[in-house]
Structures are given as structure tokens and as C-alpha cells.
Amino acid sequence: DAKTTQPNSMESNEEEPVHLPCNHSTISGTDYIHWYRQLPSQGPEYVIHGLTSNVNNRMASLAIAEDRKSSTLILHRATLRDAAVYYCILREGGSSNTGKLIFGQGTTLQVKP
Amino acid sequence: DTEVTQTPKHLVMGMTNKKSLKCEQHMGHRAMYWYKQKAKKPPELMFVYSYEKLSINESVPSRFSPECPNSSLLNLHLHALQPEDSALYLCASSPFAVSTNEKLFFGSGTQLSVL
Numbered sequence: 076d077a078k079t080t081q082p083n084s085m086e087s088n089e090e091e092p093v094h095l096p097c098n099h100s101t102i103s104g105t106d107y108i109h110w111y112r113q114l115p116s117q118g119p120e121y122v123i124h125g126l127t128s129n130v131n132n133r134m135a136s137l138a139i140a141e142d143r144k145s146s147t148l149i150l151h152r153a154t155l156r157d158a159a160v161y162y163c164i165l166r167e168g169g170s171s172n173t174g175k176l177i178f179g180q181g182t183t184l185q186v187k188p
Numbered sequence: 018d019t020e021v022t023q024t025p026k027h028l029v030m031g032m033t034n035k036k037s038l039k040c041e042q043h044m045g046h047r048a049m050y051w052y053k054q055k056a057k058k059p060p061e062l063m064f065v066y067s068y069e070k071l072s073i074n075e076s077v078p079s080r081f082s083p084e085c086p087n088s089s090l091l092n093l094h095l096h097a098l099q100p101e102d103s104a105l106y107l108c109a110s111s112p113f114a115v116s117t118n119e120k121l122f123f124g125s126g127t128q129l130s131v132l
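Chains C and G, in that order, give the protein sequences. Heads up, the first sequence is in this note's numbering, so the first residue is 76 and it goes up one at a time. Heads up, the second sequence is in this note's numbering, so the first residue is 18 and it goes up one at a time.
Next up, chain G with everything else stripped away, as it sits in the complex:
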């Protein structure tokens, strides 16, 4: 199994809603990532988890709250988002985070619309 599975594929939420994005992998990878991608732009790194601990937070606003309950699962909790947060949210995994010599496996993303 070489897949990173993200759910839901599409999400529409109001600015007062609370929702969560889910990411799962069963490759035994110990590093997981959240990226945000606006239309026609490259992905931007948000968070990196290494061995279920947050190792990188790229100064992301607190309305985005990541969680890594176990080595296979990564969540992104959303609260009080703004319309400009509408984007494709991508999850990725790799065997280890602190390594330049390995590849990342990406999911297909969750397309989020904030109304």
C-alpha cells in the first residue's frame, strides 16, 4: 500500500464552523506533512510531524490546529476560517522527516471552500 488517503475530498464550511481534515497512511512512515495550495500556485508547507511530534510550524495562524494521534493518522482541525483560507490542502508522508534523500508521498488533497 503506497497511498496517502485524504478525506473528505471536498469541504464547504462557514466562517463559524469547526471541521477537520483527515489523512491516513499505512506505509510505516514516521513523518507527515500538511501543505496548502492556492489555485495556480505551488504548495506551501504548513506543518511537519516527526515521530508524532510537531517539528515544524511555518507560522501558521492558530485557526489551523494539527494533530497526530498515531503514526498512521494526521488531522487538521479548522476553526473560524476566513474566505482567503479556501484552498487545496495536501497531506504527505515520508519515512523520516529529517532526511534530504527520500521522497514524499502526497495524497490527492481536500478542496476547501470557506463561505
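This is chain C alone, in the form it adopts within the complex:
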């Protein structure tokens, strides 16, 4: 299973942008990059995913490096409700396409008022 590396924790101030980094140097050409977040006492929640191009949705933006060995999740204006554990995940494609979603260690984001 392809691996991801994230910082254990990050802090942000409310209403400021947050950039959450993720390294995935062993990514293969068909692996999609997924981001999920888990708020306290809840199950994980989908945030965004992409393959090669940068992606935007109502929750966040995903910036993918040209060599695809790293990516950054961008929350444009952090709110207190964004305090959660953010997981960067590679979902395997190609000949080993198993549909598995394997979570890494995640980054705990604290948002300060």
C-alpha cells in the first residue's frame, strides 16, 4: 500500500488560510489522492480528491505538485468547526486496483479564535 507522510499537528488562526501538506513519494501513476477529515466523535468525512490537476470544491482546494510526490490541502478561511484530524490518503489504481482506502497518521488541526 502506498504511504503518505503528514505533520502530526498544525495550528491556525480563525479566518486565516490553512495549508496542510502531504508527502507521497511512492505514488504510482494511477493512484488518486484523497483527503478526509474526522471531527471529534464522528466518522471520517470526505473533503476532496484529485489525480493530477488542482481541484476546488466548496470545502477546500487541493494543490498537487507537478511530479505528484506531494500535495497540499488548502482551507481558504479556517473556522473553529474546521478543527479536526485531516487524513491524506492514496487510493490504489491500475492493476492493483482494490478499492482500498488506507488511512495514514493524519494531521490534527487546531484553530484558534
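All the given hints hold, so there is nothing to weed out.
DSBU-like mimics (lysine-lysine), calculated; alpha carbons at most 30 Å apart, straight line:
| id | chain 1 | residue 1 | chain 2 | residue 2 |
| --- | --- | --- | --- | --- |
| 1 | G | K58 | G | K39 |
| 2 | C | K187 | G | K57 |
| 3 | G | K70 | C | K175 |
| 4 | C | K187 | G | K55 |
| 5 | G | K39 | G | K57 |
| 6 | C | K175 | G | K58 |
| 7 | G | K55 | C | K78 |
| 8 | C | K175 | G | K39 |
| 9 | G | K26 | C | K175 |
| 10 | C | K78 | G | K58 |
| 11 | G | K57 | G | K36 |
Treat the hints as calculated values from the structure; they're not laboratory data.
Chain C is fixed; fit chain G onto it per the hints.
Same frame as chain C, now just chain G:
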């Protein structure tokens, strides 16, 4: 309806008990998943069902027995568990299992304590 519903929310059981966890979704999804999450750790994949057939078993001990009676329902039968099996058990669903380009919908989980 975009919810995955898990029952019960909390469960306490002894090591000799038999219990079942239930998961339900009405989104027409054909893939369903069981994950186990210990405190302050990421979720770990246990089982994947695709079109009501078990497609992935991540070498889970036989004291955990999954069942998918129909496309909307997923059960996890528990028997002779150990205290170290205490964890949050999460259910998820997605339209299809073998696809890298779709999202999973997770339930809120069942918090299991084994005494």
C-alpha cells in the same frame, strides 16, 4: 438520504458474549466497508463487500464475522472478543468498491468496550 446509519452507538460486552453491529445505507451503494479505529489512531480497514460479496478481508481474526444480507445492510458479528478489541467500529459505503475516483460515506461508528 446521504447517511450511513450505525447501531448501536455504544456497546459493552463480556468476552463470552455474542453481539452484532449493524450498518444501513439507502443510497444505492454497492460497496460497504468495516473499519476499526483505536483511540488517537487512524481507521484500519477490516473488510470490504462489493455487490454483497466479500472482496477484501484484511487478515481479521475469525472472532469478527461480517455479513451482507442485502445491498443496504451490513452486519459485523462479534464472538469471544478480547479487551484489546475495544475500539470504534466504523461502517462506510461507496457506489462501487473497485474505483479510485469516488468517495466513501462513513457512519458515526459504534464505540465497543470489551470487559
